[in-house]
Amino acid sequence: MIEHVHNHITKELEQNTKTDIIFILTAIILNLITLAVNSGLVEKSRTESSSLTVMFVFVFLIVLVNIVVIIGLIKGRQTRMKLVNGLLAMYKDQNVAKYYDESLLSNYNVRYNLFILVVVCTGVIATIVPFILR
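Numbering (my numbering), first residue to last: 1 to 134.
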């Protein structure tokens, strides 16, 4: 039974990682695409209000998607911590905890913070650069 629970937790950790990757890539790709589109609209937006409106719609989209991604990453971090803590408890019960370095938990927190920072930075750049160019 322990082996079944262990396999289930490790599969959940793998799924958690895949979900985080999807969130991060979605945000970064959207931010870069929006940066390119809005930068391309800069010239037209000086004379056409509709182009400026489109730029603001993309900014709204960036903000919305980045908020969803950040919330998703925070929830992913919380889920990972719960799963890893469950594994640690299981390892302690089975007297194999010495093979798992608990400092990995703080590394996970740092990694998630860096992911969030990358999403925020690319979002901020995608938002302000086109308006600076304008």
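Since the hints were made in silico from the structure, they are not lab data. All values reported here derive from a predicted model rather than from experimental measurement. Every residue gets a Cβ at the ideal spot worked out from N, C-alpha and C, and that includes glycine. Do not rely on the hints blindly, as some may be mistaken.
What the hints assert, rightly or not - Label pairs and their in silico Cβ distance ranges:
(1) Asn113 / Lys18: 58 to 64 angstroms
(2) Leu32 / Lys98: 40 to 46 angstroms
(3) Val129 / Val96: 47 to 53 angstroms
(4) Asn7 / Lys92: 14 to 20 angstroms
Status of each hint after checking the structure:
1. Distance hint for Asn113 and Lys18: a CB-CB separation of about 20 angstroms, inconsistent with the stated range 58 to 64 angstroms.
2. A hinted range of 40 to 46 angstroms holds for the C-beta pair Leu32 and Lys98, which are about 44 angstroms apart.
3. One distance hint, 47 to 53 angstroms for the beta-carbon pair Val129 and Val96, holds here, with the actual separation near 51 angstroms.
4. In this structure, Asn7 and Lys92 meet the distance hint of 14 to 20 angstroms, their C-beta atoms being roughly 18 angstroms apart.
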